[in-house]
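Student: In case you want the letters, here they are:
Number of protein chains: 2
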Amino acid sequence: MAKAKNILFIMFDQLRWDYLSCYGHPYLDTPNIDCLASLGVRFDRAYIQSPICGSSRMSTYTGRYVHSHGASWNGIPLKVGEMTMGDHLRSAGMGAWLVGKTHMRADAEGMARLGLEPDSLIGARVAECGFDVYERDDGMLPEGPDGPYDPDGAKAYNAYLQDKGYDSDNPWHDFANSGLDDEGNVLSGWFLRNAPRAANVEEADSETPYLTRRGMAFIEQADGPWCCHLSYIKPHWPYIVPEPYCDMYGPNQVLPPVRSQAEFDTAHPVLKAFMTTKIGETFSQQHVREAVIPAYMGLIKQCDDQMGVLFDWLEDTSRMDETMIVLTSDHGDFLGDHWMGEKTFFHDTSTRVPLIVYDPSPEADATRGTVCDALVESIDLAPTFVEVAGGATAGHILEGESLLPILHGARAETLREYVICEYDYSGSPLAARLNLNVRDAVMFMIANKRWKLIHCEGGYRPILFDLQNDPDELTDLGDSPDHAEVLAQMYDKLFEWARRPSQRTTRSEAQLLEMRGDAGRRGVVIGIYDENDTPLELTTKYRSRKAPHWRDRHGNPVRVEDEN
Amino acid sequence: MAKAKNILFIMFDQLRWDYLSCYGHPYLDTPNIDCLASLGVRFDRAYIQSPICGSSRMSTYTGRYVHSHGASWNGIPLKVGEMTMGDHLRSAGMGAWLVGKTHMRADAEGMARLGLEPDSLIGARVAECGFDVYERDDGMLPEGPDGPYDPDGAKAYNAYLQDKGYDSDNPWHDFANSGLDDEGNVLSGWFLRNAPRAANVEEADSETPYLTRRGMAFIEQADGPWCCHLSYIKPHWPYIVPEPYCDMYGPNQVLPPVRSQAEFDTAHPVLKAFMTTKIGETFSQQHVREAVIPAYMGLIKQCDDQMGVLFDWLEDTSRMDETMIVLTSDHGDFLGDHWMGEKTFFHDTSTRVPLIVYDPSPEADATRGTVCDALVESIDLAPTFVEVAGGATAGHILEGESLLPILHGARAETLREYVICEYDYSGSPLAARLNLNVRDAVMFMIANKRWKLIHCEGGYRPILFDLQNDPDELTDLGDSPDHAEVLAQMYDKLFEWARRPSQRTTRSEAQLLEMRGDAGRRGVVIGIYDENDTPLELTTKYRSRKAPHWRDRHGNPVRVEDEN
Chain A
4 MAKAKNILFI
14 MFDQLRWDYL
24 SCYGHPYLDT
34 PNIDCLASLG
44 VRFDRAYIQS
54 PICGSSRMST
64 YTGRYVHSHG
74 ASWNGIPLKV
84 GEMTMGDHLR
94 SAGMGAWLVG
104 KTHMRADAEG
114 MARLGLEPDS
124 LIGARVAECG
134 FDVYERDDGM
144 LPEGPDGPYD
154 PDGAKAYNAY
164 LQDKGYDSDN
174 PWHDFANSGL
184 DDEGNVLSGW
194 FLRNAPRAAN
204 VEEADSETPY
214 LTRRGMAFIE
224 QADGPWCCHL
234 SYIKPHWPYI
244 VPEPYCDMYG
254 PNQVLPPVRS
264 QAEFDTAHPV
274 LKAFMTTKIG
284 ETFSQQHVRE
294 AVIPAYMGLI
304 KQCDDQMGVL
314 FDWLEDTSRM
324 DETMIVLTSD
334 HGDFLGDHWM
344 GEKTFFHDTS
354 TRVPLIVYDP
364 SPEADATRGT
374 VCDALVESID
384 LAPTFVEVAG
394 GATAGHILEG
404 ESLLPILHGA
414 RAETLREYVI
424 CEYDYSGSPL
434 AARLNLNVRD
444 AVMFMIANKR
454 WKLIHCEGGY
464 RPILFDLQND
474 PDELTDLGDS
484 PDHAEVLAQM
494 YDKLFEWARR
504 PSQRTTRSEA
514 QLLEMRGDAG
524 RRGVVIGIYD
534 ENDTPLELTT
544 KYRSRKAPHW
554 RDRHGNPVRV
564 EDEN
Chain B
4 MAKAKNILFI
14 MFDQLRWDYL
24 SCYGHPYLDT
34 PNIDCLASLG
44 VRFDRAYIQS
54 PICGSSRMST
64 YTGRYVHSHG
74 ASWNGIPLKV
84 GEMTMGDHLR
94 SAGMGAWLVG
104 KTHMRADAEG
114 MARLGLEPDS
124 LIGARVAECG
134 FDVYERDDGM
144 LPEGPDGPYD
154 PDGAKAYNAY
164 LQDKGYDSDN
174 PWHDFANSGL
184 DDEGNVLSGW
194 FLRNAPRAAN
204 VEEADSETPY
214 LTRRGMAFIE
224 QADGPWCCHL
234 SYIKPHWPYI
244 VPEPYCDMYG
254 PNQVLPPVRS
264 QAEFDTAHPV
274 LKAFMTTKIG
284 ETFSQQHVRE
294 AVIPAYMGLI
304 KQCDDQMGVL
314 FDWLEDTSRM
324 DETMIVLTSD
334 HGDFLGDHWM
344 GEKTFFHDTS
354 TRVPLIVYDP
364 SPEADATRGT
374 VCDALVESID
384 LAPTFVEVAG
394 GATAGHILEG
404 ESLLPILHGA
414 RAETLREYVI
424 CEYDYSGSPL
434 AARLNLNVRD
444 AVMFMIANKR
454 WKLIHCEGGY
464 RPILFDLQND
474 PDELTDLGDS
484 PDHAEVLAQM
494 YDKLFEWARR
504 PSQRTTRSEA
514 QLLEMRGDAG
524 RRGVVIGIYD
534 ENDTPLELTT
544 KYRSRKAPHW
554 RDRHGNPVRV
564 EDEN
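So the protein sequences, as listed, match chains A and B.
Each number in my numbering comes from the position in the first sequence (counting from 1) with 3 added on.
Each number in my numbering comes from the position in the second sequence (counting from 1) with 3 added on.
Just chain A, same shape as in the assembly (with noise of 0.2 Å):
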């Protein structure tokens, strides 16, 4: 089967999935994101692991649930010795390649305790998620009272910045993520009411058209078979984007929030802590959303404008028959829809991201330009890549399955029967706030076509949402008697997937079915009586053998070095 000789893994950060007009987005027209769709599957019910950055990621980046990898929230290191992509894909004899943003918190004390160095080939792959890096940029470095979120951050892209003349000690803030008043002051893109202004930046060296640069320039120069993980900042907040893109979108292009009154004022009661932090608070406000999703918007349109730089230059470049692009997301952006902010729930407006794969290969020519509603998650894609670049799914720890077979049009699902998504909050502020344990501030969510049960630790009773007729989620049917033998339906297969085993990552399944009989082959000889109850093959070693006695016939010990 001919396949892609290349991978382009595209990956933006906190991109909806309904902001892009192929999605049906009515406002936002998104036309070269929309031709890639065209080109190949657009999965329309693509779900992530988690739905915060870095969590979301290190399930993508080892095709494993949350519960496998255990980083279960952003700051939380992958343990040393959790398989990667890359470490799949190299053994394939496929590069594996990072351009841009990650999330990952390198496992620094498990790395010591195996006495791996950051700066080894070894080390660096472990510390940076399986990636080899060819630029690293997580986004802009905070800073705050105890120190900065990440003391080795934003190195990249603000020396590019500084380079350039942005004369700043942290230019990606005072520059790229903020807009500026007539007084020559930094308007914090942090803030909110500063969304709508102009970040005081030329376009061309904004953060997405510089990544775009620099992916080219990584390609540019790429050799034998890579996959490239193209990982955008962006739309991410800070929300505050460059001229021209600023005024491009105003209020009335802001749909309205997708909530209701009942929702709010009968929320379960985790729900409600969410909707009810600052986050939600604010983001419930429509002078508040007036403010930020046209910036929003405009990010997305210069990240759709910028894939149309990316598409030509592969095009003129005659790369396109060669590589498979891939486009999603970490996760979505409630934006004020349920009465929340940021991303840390399970509403579809969250968990679902846009997924797009365009597979140059003849194979793929029967779905082009089709749409697959199957129930799809990020960990798919790197069982997929795998297969792309030709090396053996190592199903016993990958926990997806490959896209190919949908891609070349043999099938129409994949053959899972629900989706997963997990949220651990024990390290949040709002943890402390509802007063739980490490061990209780964890949800899960689990939905197939027809429903989504979320099951919070610490004693909730459950929350369930009715895809298909309340396909906005705003009634939740979590107490409703009516529905209870779908609750339990949903919790068996929440129970059947905790079950599984996740950890037996040594030995593949098809050695597990040659170990079958093996031990019995290899001279372990369990219950049996006499010799001549077994096959004369599996006891030879154990037959037909002489030795002196250790004792003479006077009871005196014999060795033979005594007999000498």
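Hint data in this document are derived by calculation from the structure and do not stem from the laboratory.
Worth double-checking, as some hints may not be accurate.
Note: identical chains are not told apart, hence a pair may lie in one copy or across any two.
Below 16 Å or equal to it, Euclidean Cα-Cα: the simulated EDC-like pairs (lysine to aspartate or glutamate) are [stated by the list, open to error]: (1) Lys158 / Glu138; (2) Lys304 / Glu112; (3) Lys496 / Asp485; (4) Lys496 / Asp443; (5) Lys158 / Asp475.
Remember, it's a predicted structure, so these values are computed and weren't measured experimentally.
Let chain A serve as the given structure and place chain B on it in line with the hints.
Tutor: The following block gives chain B in isolation, referenced to the frame of chain A:
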């Protein structure tokens, strides 16, 4: 609190909990082990985490459930990155040394991936499940048509025997584990009809006394605080013992099998499959039991005599006052009970083990000679040892709990509501017989003091035993309509356990609590509309900053470099 300086962690292999006089065996007198019990606490309800050597031990050595560490069957390597008792103890300043058996299979692939050389200090520890190896003896070397079970195995004791003049390429088999007929033919201990024979080895040269001496040799030269895992091979099969132990017990001391015809006739299909293996059928025959059990008892008697040698020596060398002594087993042995041989099912016969802990510290005086029926698991040993070593218990990694509060009389019970045991037979011939794929050939046991639930994957009904009214576990209530509520409750607990965040091992509970609010104090500002809506100190880095505009008043780009 005064604590033991060193830990002598003695494990026997396949020693049933009820085959010691202190645990109630009517014919088998084990005064030396009983004496240890009189000096410490005898735990009467100690469960292992898997009824098979390798997996049970990996749980003991990691302090984690099989579902967490993944080494779920003999020969499935413990994956690189899993922390062990040895890692925790060394962090606390105590060495962790092996003398004897572990059944560890190294994750050679994972080690190669991380560049860990097996002969480096770190690599050797990873390959030996965290121990520094004084001597490893995993048992006799089996060999069959597909080669040896473990090509690197059985070196030290075989060399000892050869050195002593036992002339053979595999003296462990030909002498220590076999008898001899008058013509000098080796009668292999693998074949159960040879069990009543005397092993053709001088008693002092047989495995158990040999390992006792090796343990004493280690202790004699040991430096600094140490934990010595003195891990005996016996009374594990091959069931054969030298004189005088081979003649100590006969058919009259063989207890009748604990079983019933109804139990066999109505057995759950998975249990029935275990009963009807060759092993089950063999051990169900009384003449086999009468051949094997006296030898098994002789092996245990020899173990007890060696405990006498060891404890006397510790006393004579003034080590009893500074050494915690822990004596346990990795699982039991059905010996024909419940129509089974071996250990791979969940009756107490197999999953309950003797556990005696002698703590020399004065705090333990209050509990000397007492019996504790708390729900204890073998994963409790690692946190107990870490506490003795003075380390901080890593509760985010270790899943058990320290037994010191019980040993010191501060508590009578552990904190857990239930114990868990698991068995993965996906790599066993039985899975093929039951036509089970590798996902479904997995079982879980959950038990409290009253009930034991066994869940078999693959769509089977559960098995349930009432441990109070049916302590012999002869009546399976798994399909009893009267027990629907109990079944549901036990399943709820199993579900709760399966959802535990067992892989979040890179951040401790204390660190997670510290993280609450941390991002805000490191400059992450989310959901703030106006800069005055948030405490000044959190945002000083984003205020009162000045920057030039990137365009001049004519609209031309101005950068600092252009101004100069």
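Student: Does each hint hold? Answer for all of them.
Tutor: Structure-based check of all given hints:
1. Lys158 / Glu138: within (10 Å within a copy, 50 Å between copies)
2. Lys304 / Glu112: Cα proximity of Lys304 and Glu112: none, with 42 Å in one copy and 46 Å across.
3. Lys496 / Asp485: This pair counts as neither: shortest intra-copy Cα distance 19 Å, inter-copy 25 Å.
4. Lys496 / Asp443: Between. Shortest inter-copy distance 15 Å satisfies the 16 Å Cα cut-off; intra-copy 20 Å does not.
5. Lys158 / Asp475: Intra 41 Å, inter 67 Å, cutoff 16 Å: neither.
Consistency note: the structure conflicts with the earlier hints numbered 2, 3, 5.
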